[in-house]
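Work out the full structure: start from the sequences and follow the hints.
Listed below are the residues making up each chain.
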Amino acid sequence: MAHIALPDGFPGISAGFAFRPETAKPMRELAHLLLHEPGSLSPGERELIATYVSSGNCTVFCAMSHGAAAAAHLGDSSIVERVKADFLTAPVGAKLKALLVIAGKVREDGKLVTEVDAQAARALGATDLEIHDTVLIAAAFSMYNRYVDGLGTWQPTDPAIYAQMGKHLAEEGYTTPSIRQPEEMHGVGGRK
Amino acid sequence: MPHIALPPEHIGIRGAMAFRPETARPLNELVEILLAGPSTLSKGERELIATYVSSRNCTFFCASIHGMIAAAHLGGNEDLVKQVKTDFTKADISAKMKALLVIAGKVQQDGKLVTPDDVQAARKEGATDLEIHDTVLIAAAFCMYNRYVDGLGTVQPDDEALYRERGRMVARNGYVHTSKEYLGNEATESVAG
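In order, the protein sequences belong to chains R and Y.
Per numbering that gives the first Met the number 0, residue 0 is the first one in the first sequence, and the count goes up by one each step.
Per numbering that gives the first Met the number 0, residue 0 is the first one in the second sequence, and the count goes up by one each step.
Nothing false has been slipped in among the hints.
Covered stretches of chain Y, going by a simulated chain R footprint (3 or more residues, C-beta under 8 Å): (1) 12 to 24; (2) 55 to 68.
Straight line, CA to CA, 25 Å or less: simulated DSS-like cross-link-like pairs of lysine-lysine: (3) Y/K105 <-> R/K110; (4) R/K83 <-> Y/K111; (5) Y/K89 <-> Y/K123; (6) R/K24 <-> Y/K42; (7) R/K166 <-> R/K83; (8) Y/K42 <-> Y/K123; (9) Y/K97 <-> Y/K81; (10) Y/K111 <-> R/K104; (11) R/K24 <-> R/K166; (12) Y/K105 <-> Y/K89; (13) Y/K42 <-> Y/K89; (14) Y/K42 <-> Y/K81; (15) Y/K105 <-> R/K104; (16) R/K96 <-> R/K83; (17) Y/K105 <-> Y/K95; (18) R/K110 <-> R/K83; (19) Y/K42 <-> Y/K95; (20) Y/K179 <-> R/K24; (21) Y/K84 <-> R/K110; (22) R/K110 <-> Y/K111; (23) R/K104 <-> R/K83; (24) R/K110 <-> Y/K81; (25) Y/K123 <-> Y/K111.
Just so you know, these hints were derived from the structure itself, not from any lab.
From the three backbone atoms N, C-alpha and C, an ideal C-beta is built for every residue, glycine too.
Dropping the structure here:
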């Protein structure tokens, strides 16, 4: 049960967003810029970074929704599972692996990132902007994850719910709600 | 030294924001709403929450600047800010603030640590759902700002007087307005309204 009176039927962050639209606006815009707008890292790669951080923070809603968005972009959910389990052996590029090392450190504590980590990413072709965005994606998900968990939001575990959400996120991005009618959720996965 | 080529004339988060004005805009808008927007918690109280979280994350720049902004809102009482950083349970702040700082400290570690008992305790001292929401989000947001500042290896000078002066300025003018100094008017325009 949520710790405060969040609107009924909204899963995860969508409940926090519906409760406080003023703060939802910049939080949505930030996610849209970092994950969806055109960039030299593909949206699939950036969603993998968000998924990896959320999975490390054990935030079910974010790990599953961004994992579904990554799978929708990549057309393959097995890559997502491999990145979560052990990205070093996952079928992703060497540059992305170097960026995931940085993201994993930021998730723990930004001070753990070293000049050597940045150099390693650069040697594999990462630009300063890509390193910047990797740090900010990992930092931002350290916020989104804590927001979702700290309010005690409802975090369903049915993958079918997330498949639909991931498709919306991959196609539309983050400026519009992926859950418009919370009632729809009942038909898909039910609600405890 | 920063890990990437940040503009050398700006310290702390300002260097990162000047590097990427697009993301600076929502980052500034969020902090403006949370810490300087209308609220039943005073600006000083909200800055104390931000300071406490930044101090626990050992992010020197954020803990210093928000500590000085808090002090500016609290009549220049830097001792109170220091007391909140070292042991808020003994600080001269309300029981409601202490209950909210317990929640903020848990969010700083992991949001899942917040229990219904923590929330009940805050409610018993008069905290509203919106105040609890904003406490959770301030704590969560500073886990982002802190990691952003540290993760890029930004320059964080050890200069109390500098933070005192900047703290007074931000307390007076707010975040979005102050950001024009390093982002230019253009990047801040769409949040001005």
